[in-house]
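The listed protein sequences correspond, in order, to chains A and B.
Under the numbering used here, the residues of the first sequence are numbered 1 to 200, in order.
Under the numbering used here, the residues of the second sequence are numbered 1001 to 1465, in order.
Read the hints as simulated data drawn from the structure, not as lab findings.
Incorrect hints may have been included.
No more than 30 Å apart at the CA atoms, straight line, and that leaves these computed lysine-lysine pairs for BS3-like [as the list claims (entries may be wrong)]:
#1 B/Lys-1162 to A/Lys-150
#2 B/Lys-1087 to A/Lys-33
#3 B/Lys-1263 to A/Lys-188
#4 A/Lys-186 to A/Lys-197
#5 B/Lys-1320 to A/Lys-139
#6 A/Lys-197 to B/Lys-1087
#7 A/Lys-55 to B/Lys-1263
#8 B/Lys-1164 to A/Lys-197
#9 A/Lys-37 to B/Lys-1257
#10 A/Lys-76 to B/Lys-1320
#11 B/Lys-1162 to A/Lys-197
#12 B/Lys-1257 to A/Lys-188
#13 B/Lys-1075 to A/Lys-33
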Amino acid sequence: MAIQKFTTLRSTCVPLPVENVDTDQIIPARFLKATSKEGFGDNLFRDWRYDKQNKPIAEFVLNNSNYSGSVLVAGKNFGSGSSREHAAWAIAGFGFKVVISSFFADIFKNNALNNGLLPVQVSAEFLQKIFDSIEKDNKAEVEVNLEEQKITLISTGETESFDINNYKKTCLLNGYDDIDFLLSNKEKIEQFEANRKLAL
Amino acid sequence: MGKTLFDKVWDAHVVSEIEGGPSVLYIDRHLIHEVTSPQAFAGLSERGISVSRPERTIATPDHNVPTINQHLPIKDVLSATQVETLKMNTEKYGIRHFGLNHPYQGVVHVVGPELGLTLPGMTIVCGDSHTATHGAFGSVAFGIGTSEVEMVLASQCILQPKPKRMRINIDGELGKGVTAKDIILYIIAQISASGGTGYFIEYTGSAIRNLSMEGRMTVCNMSIEMGARGGLIAPDEVTLNYIQGREFAPKGEDWDKLVEYWKTLKSDDDARFDWELNYKAEDIEPMITYGTNPGMGLGITQSIPTLDSIEPATKTSFAKSLKYMNFEEGSAMIGKRVDYVFVGSCTNGRIEDLRAFANFVKGHKKAENVVAWIVPGSKQVEKQAIEEGIDKILEESGFELRQPGCSACLAMNDDKVPEGLYAVATTNRNFEGRQGPGSRTMLASPLTAAASAINGVVTDPRKYL
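Please put together the full structure from these sequences, using the hints given.
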């Protein structure tokens, strides 16, 4: 099965300058009761986004019409905590295609990549520059080029490169799917099993 | 050059390697529960493929189950659907399932070890970040997302980049009232909630060796709370004694062969780690958290840091945390308000934890201002607690033993701490809203939870010892 391809993206940004945004904030546990992947975007950042009466909290950035776009920019250690892939489904379901931070939690990073949501890790300095440029102009854009592994701040032309493992990069660029790849390894897997000596 | 324990186990499971990419890693044991598996099974259906090795997967519902009246139908329709979906999927694919009311049901990370399903040298995964718990047996165990659950179901393998190696050594003797939970909260407070990201940790040293298996599980369980992929401890006599004779543990010749292999499972003297840390057990006192990530912890006799002492980049997040907790900078932890006490979870819901709590509260009464939930980690733990008379001791002191599940650790079921109220919890996360919208959590050991439950405010357990 093919996944959605990612090549380049130019977009305005939604800034969330908070550190240690954990997956319980991204999607609280009480919204994990679905058995499909649909609809999680509605509850993205639920308890920061809505009050007890389910009214939007005006100060929260997702409720501020000045900010829009398919790039979420967040403080360091984004996606820490629970392994719930629902966090990646919620962010992608809301319409984001890229999350930028200076540091991602490991499991979240894998989950995002497995859903065609690109985590772009930049230096703390570059992250600050992005936040500063959005503060100056809420329509400030970034361009993310996966092939070249480069992120550019359009207003200043400043560029930084980012890391991604070659395998995942190829998958995203071409829309390849992990399970197809694993199934194509069937013989190797059976060989591995046949060669094992221990009853583990 | 020698190999680390982690390398030995990992390397023995590499089916193939992708250049510049992840390894195809074979998985010995796959644990699943109701919340992170339904979409993976749906994916298999969509592809028209089956489960590759159903005998290697074990299922039990835990996240979403009620902790009272488990014999009645689950009232919450969505929760009931998830629990039912797990049952249907496991029946469809021939996967062993310990459903609600089954004598082996419980929190997945409590169930695996107590049934002898968790063994040294295994690779173990589960769609739950606290899978690191099983590392206590010298296995490479880590949490995965639902796409990865689907990978394992489809192929018994997972694509995974190899983490770096870290060793955390703790030598010395723990003081009175200091437990495994305090060791791990201390470490996380030292290196922060993200300090271990990218690493797999081996815990060593005499303070670790002297822990029971339950204590070792508590330590490994919270490896993820510093961002680490997992944590593990080399198997020894304590490990083998714990496993031998358990329901699904290998027997006879299989056992003897494995024991020979398990004796080789330790880091070689000349093994190299990417990062090494050393701590002294004597420096650790009973720990408690004051903020909204597990790295925001301190010794219970200490005071919350002042804003001035926090590095500039973290000031905003620190202030946001204190505002959420409604705590004053620089204020003491001892004496802080407590409304709820929760004992349970994959971190501290095993028999030893209930025993420690019961022994502590014996002869005392629960403070009237405190609501307490004591939740066993599994049906087996519940059964043993009743056999040992722990339920009676709890009752006499004003506590009651509930039924097994994840419960108020993540508050997916009805066990929610109300908005604005304070809980001392033996769990693993103090995130905003973790125990219910607006709830305020202080993480601590079962002893600190017990002391706080009987005194009605945050209390140093050593006061009673």
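**Request:** Below or equal to 30 Å on CA atoms is what counts here, so check B/Lys-1162 against A/Lys-150.
**Result:** holds (24 Å)
**Asked** For the pair supplied as a hint, A/Lys-37 and B/Lys-1257, is the alpha-carbon distance within the 30 Å limit?
**Response** violated (44 Å)
**Request:** Given the hint that A/Lys-197 pairs with B/Lys-1087, test it: the Cα-Cα distance must not exceed 30 Å.
**Result:** violated (33 Å)
**Asked** Are the Cα atoms of A/Lys-186 and A/Lys-197 separated by 30 Å or less?
**Response** Holds, at about 19 Å.
**Request:** Verify the proposed pairing of B/Lys-1162 with A/Lys-197, using a straight-line Cα cut of 30 Å.
**Result:** This hinted pair holds, its Cα atoms lying about 24 Å apart.
**Item:** Straight-line alpha-carbon gap A/Lys-76 to B/Lys-1320, limit 30 Å
**Value:** holds (15 Å)
**Message:** Does A/Lys-33 sit within 30 Å of B/Lys-1087, going by the straight-line distance between their CA atoms?
**Reply:** Answer holds: B/Lys-1087 to A/Lys-33 is near 15 Å, not above 30 Å.
**Request:** With a cut-off of 30 Å on the C-alpha distance, tell me whether A/Lys-55 and B/Lys-1263 pass.
**Result:** violated (60 Å)
**Asked** Quick one, are B/Lys-1320 and A/Lys-139 close enough, alpha carbons at most 30 Å?
**Response** Distance of about 27 Å is within 30 Å: holds.
**Prompt:** Is it true that the CA of B/Lys-1075 sits at most 30 Å from the CA of A/Lys-33?
**Reply:** holds (13 Å)
**Request:** For the pair supplied as a hint, B/Lys-1164 and A/Lys-197, confirm whether the alpha-carbon distance does not exceed 30 Å.
**Result:** Judged against 30 Å, a Cα distance of about 27 Å means the pair holds.
**Asked** Between B/Lys-1257 and A/Lys-188, is the straight-line Cα distance small enough, at 30 Å or below?
**Response** Distance of about 25 Å is within 30 Å: holds.
Violated hints for the displayed structure, listed by number in ascending order: 6, 7, 9.
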